[in-house]
Structures are given as structure tokens and as C-alpha cells.
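Visitor: Chains as they are written, first to last, in the working numbering: chain A, 67 to 450; chain B, -7 to 296.
Derived from the structure by calculation, the hints contain no laboratory data.
Heads up, some of the hints might be wrong.
[Stated by the list, open to error] Which stretches of chain B does chain A cover? Using the computed rule of at least three CB atoms under 8 Å from a CB of chain A, they are:
# : region
1 : 45 to 59
2 : 62 to 68
[As the list claims (entries may be wrong)] Label pairs and their in silico Cβ distance ranges:
# : chain 1 : residue 1 : chain 2 : residue 2 : range
3 : A       : Ala224    : B       : Ala223    : 49 to 59 Å
4 : A       : Thr181    : B       : Asp273    : 46 to 56 Å
5 : B       : Asp273    : A       : Phe384    : 50 to 60 Å
Remember, it's a predicted structure, so these values are computed and weren't measured experimentally.
A virtual CB, placed ideally from N, CA and C, is assigned to each residue, including glycine.
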Amino acid sequence: MRTIFPASAFLLLAFTVPAAAQAQDDDIEALRAAVAELRADYDSRIAELERRLAVAEQNASQANYAAQQVTVATAPSTGAASSAFNPAIGVVFQGQVRQTDALDGEEEGYVLGETEVIMQANVDDKFRAWLTAAIALEDGESVIEIEESWVEATALPAGFGARFGRFASGVGYLNEKHSHQWDFADQPLPYQVFMDRRYFDGGVQLRWLAPTDVYMELGGEVLQGDGGSSGLNSRSLFANVGGDLGTSSSWLAGASYLEPDDSSSISIAHFVWKWAPQGNWKQKNFVFQTEYFERSDTVTDTGWYAQAVFQPVQRWRFGARADALQLDADADDPRRFTLMVDWSNSEFSRLRLQLGRTDDGTDTSNEWGLQYIHSIGAHGAHDF
Amino acid sequence: MYRHLQRTILVAILVAVPVVASAELNVFACEPEWAALAEEIGGDNVEAYSATTALQDPHYIQARPSLIAKVRQADIVICSGAQLEIGWLPALLQKANNRSVMPGTLGYMEASSFVVRLGITGDLDRAQGDIHPQGNPHIQTNPYNIEVVARELGKRMQEIDIDNSKSYKSNLEQFIISWSAAIERWEEQAVDLKGKRAITHHRSWVYLFDWLGIEEVANLEAIPGLPPTAAHLGKLTSEFSDGGADAIIRAPYQHAKPSEWLSERTGISAIVLPLTVGGTDAATDLYALFDDILARLNGVMTDG
């Protein structure tokens, strides 16, 4: 501070010099002498000040430039003004060619999968809305199914989150995952049989996240459910915990309970482990996941699956999955083993070859499929 | 089962409550450089956490449970932005249920919004690969950008944590003074780098080159974000067989093989540059990051 003060006093003096000079010619020579003297004395300090001034100017122009840039970047051009608030829109294309030697097998040959249309945006500062429409061909007829149509409250206090509308229940691990996120062309057996692939329903979901370093989430839902004239007869509870093990590994475990109607219940336990060297996911990574299901009404059925997917180099992934059901009513408990390899040119395109062998207790059948998953437009972030 | 689950949940809550973080200001930074900057300005009043390390490609991160838990407790989320974290940050924010760091609030800051962004193209098509409509997001390699972001971050810290605003203000002023002096020192060290030519793995260094006057003559990736192809590397080999570049540069998290392959065939030195704090053993903080970048560049590009 001490070095700055005399120097700035000098500057002040220097600026007042011209005005003073005009008024009193006599003083000019005296002032010039004083200035020269001061300049000699403070030469090094001036240099220092000039350097700081230069830096400050540079910063100022940088900041100015940046400010302009921001204005330019955020101000919609007049032509785009009416579309400036369009939601993020993405479309996912899926289909496959498949073959099976099962007697009562599913459709063979080319099968168009669901075409997912996703639109989402913030409604305002407190709500966000999401639409997933699945366009599909069913028996030659085009149908549009509303998979998800929900609004989320984004500004609740104390770690609460709420969602209402129609959505995929938060139970289990795979239930909330869109079909384009699956690691295999089809869902594991327990999801196919107990959850009708994915459990969607209308209602309200409330979630709470603990303010801890270990991830701890609790949630519950009140849903419309099946049957019963009064409605809102389905509910669920779920809890998830998760964390990291070093920088390379992370895990998620959870327990869920779902009553799809008044007379039955489904309990699910899941565990997921993901690994990448130093946590650098892009080139090499590994995922193991498993879920266990128990469905009870008058009888109890159980099912499980376990799968592992390994990406040894960027673009290529190899996976194996085992899944099985133990059905109380059925003596023939199906077991299945599936292998897959997929190739992703980018984050937005994927081609997958899948081979499966199913043993339903009496017969063994084989199937194979070649699947594509391509997405255009805005693509939202994926959950863990 | 139902009752059992209820009891489990109750126990979980009781266990969870005492472990609440105690720092005055929790900063969640998507990249190490912003965590380091928050510590420069915040000092002891700040607990800064970086979601990624210098050895991870910040474009490809899993929205891990541990990161959601950190965002839940954050007072400020600071990220590079310009879609660098688009694959995971929105998922963290959506699951973290923390209204004070949602986009549009004071607690949510995209650093790239405050600097002059390079590489903005009007013509957007995914066939061009991993391009960012808002420009190149790797803004931290120009120290002037760090300073602009520091001013904005410092301002927000003062507003969010009013009790410690004086401390943030004086730390910021102190940082600007010593950072400006450091910039001057680096610019002196970089005089001979002006006009040098570099081949890079990915367009990670455009802000550094813009600052130092280095020319980027080629990328190992034919299409940004996609792995270098044999055909493209072959083309580069013949193009640069008689020199024509002074270094082949990659970030620590980028695959070593392509640059080593090209280096063997052209004789041009391949080097790793730290893209952020922690990228090399020497890059222990923001100052050391630029010291090391300049030392490494001078090591292969100039005689000194």
C-alpha cells in the first residue's frame, strides 16, 4: 500500500497539471521541474503501475468480450425467437432381425422395436416435465403408447423430490431404465413375467435423499394400480444406498416393495457394481448387476438374474447373462443363458448380436438376434 | 417384509443424520481446476470436492451415487459447462434434490459462460462427431480464463456465504494479484513457443494455443470423440514424415498408443500435458499446472 500511495498522488498531480498550466503560465516551468524530479524518483514505481494497468486493461477487455459473447450466445436471433423455448427432443430408433427354434417362439424375422420419442424441459423455476411416447406396430396397426408423462417438482426443500403423472416406478434397478439403455435386447425373465417388462403407472412419487456422503435414498409411491373400483390401490416403497470403493469402483444396492394391487406384492433386492481403470470410463469398463424377485399372492414365485458386461476397448462390449424363474404353479421353471456383443460407433449408435438358450424344464430352444439402437436429437443424461 | 423394510428405513435415517458435513461452504466442482480455484478463494471456509480426477475424461463419467450424495450437500456447483458434462451432470442434479444448485440459481455456475469461447460452429451435425454447439469446453488452459472465472466465483461465494464475504473478497484480490504476476512470468517463459506447431490427440488445447500463439496443425482423432483410425494415422504419417510439427500432445486420460505410434514413425516427440490439476505429479495446484505445462512444452518445442 505504501508504494502505491505516492505513485497515485503523482498521477493525480500529473492529470491536474494541464489545467493548472493554462491558468498560470508562470508556474509551468516550476511544475515541469517538479514532474521531472518526481519521474526520476518514481520511475520504477511507474513501470510497476503501468504493468498493473496493462494487466487490468487486459482483464477488463477479456471480461467485456466475455460479457458480449454471453449476450450474443444467449440472445435468440429474431428468426428463432418463437422456437427458443422448444423442449429438448430426442428420438430413439430400435429394431432387430431374430430367429428362434422354439415351438411357441415370438415373432421372427425383422421386428420393428418401439420408436421412442422423448421431450423434456423445465416448465418454470419449480417444475420440470417429461414425455416418452413409444410408437410401435402391433398386429400391423400403428399405436402410440404414452410410456411416461410426468411433472417433477425441482424446488422442494430438505432433499425432497416429487413426481406426479404417469411414470416408471422407482422400484428395482432396471425398471426405470429405458429400453435403449438395456445391455441386452430383451428384459431379464423376472421383469418380463412379474413386471410386464417395466412397471408403469399413474400416481405420485416422493423421494428423499439423505445429506450424507454415502448415497442414501428413500422413496415411496401411491399409484392407480389394477382392479378395485376405488383406484389408487397400488403402492411402493424403495431404499437405495451406494458409494465408491476407491476411484475405480462404485456400487449401488437397494431393496424395494411393490403392491401392484390389493392382493399381491413384489419384493426386489438389487446390487450393481461398476468398474473402470482410475474411473476413466471411456475406454475400458465393467458392470456387474443382479436382482432377486419374490412375488406373493396366494402362492409365492421367485426369479433372479445376474449379468456382466465388459468393454475391453472403446466401441466394443461383451456381455453374459443368466436368468431364471421358480414358479409355484408351474413345474417347468424356465432358465436361460444369453451372450451378447455390441459395437457402438458413437454414444448415439449401437449394433448388437445376441445369442440365447432357454431351458423351460422340458425343452431347450435357441435364439439369436441382430439389433440396432440409434438415437438422434437431444439425448438426456443416463442414471447410474 | 413391509414392516421389516420400514424398520430398515428408520435405522438408516438414524445412522445418516449425525454425518452431516460441517464446512461453511460446500463446493462441488465437476473438474479439479474449479475445485482448486474454489480453494484458492475460499481458503479454510470452503470444502471443495472434485467429481472427476485429471486421469478421467470428464465427458464420459457415470452419474455415480457418491456424486449425487455430494451434489445433495453442495452450496455451489461449478462446472466447465458448454455440454462437457451433459452425459452425467443433469442426472446428478435431477436426483440430488438440492434446489440451491439447480440451473438458474446463484449456486449453479458454468464457467464457460463467462469467457470467450473458441470453436463455436454454426453448422451442427452429429456426423462431425463430438462437437459442442456452445464452443470448445476446455477453457481452463488459458490462465486469463481462470482469472475471469475466479472473479465470478468469488462474487458468488461472497453472496452465498455472507458471513465470510470479507475473507472471500480479500482472498480473491490476493489471488488476482499473484495470478497476474504468474501470467507475466509464464508469458516470458513462453516467448519462444510462439509459432510452434502441434499435433494433438483431441481438440483439448485450443485455449492454451490461442494464448501462446501455438498452431494446431492436426488431430489424431479424425472425428472428435471417436478413436483415431488407422487410415487417419497413416495419412498423418506421410503428411508429417519430414517434420512439420514440433510435438504430439495428449492429455493423461487419452490413449497413449496413437501418439506413440505416430511419434515412432515421424520422429516428432510425443508428450503428455496435464489438462488440469493432478494431471502430472508436478501439477499440484493451479500455479504448478501452468508451470508444468510450460516446462513440458519448452522441453520438446524449444532449445530452452
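Visitor: Each hint should be assessed against the structure and marked as holding or not.
Guide: Hint by hint, here is what the structure shows:
1. Counting residues of the region 45 to 59 of chain B whose beta carbon lies closer than 8 Å to any beta carbon of chain A gives 12, which meets the minimum of three for the stated coverage.
2. Beta-carbon proximity to chain A at under 8 Å applies to 3 residues in the region 62 to 68 of chain B; the threshold of 3 is reached and the given coverage holds.
3. For the pair A:Ala224 and B:Ala223, the supplied restraint of 49 to 59 Å holds, since their beta-carbon distance comes to about 56 Å.
4. A hinted range of 46 to 56 Å holds for the C-beta pair A:Thr181 and B:Asp273, which are about 50 Å apart.
5. Between B:Asp273 and A:Phe384 the Cβ separation comes to about 35 Å, which falls outside the hinted range of 50 to 60 Å.
Checked against the numbered hints above, the structure violates only hint 5.
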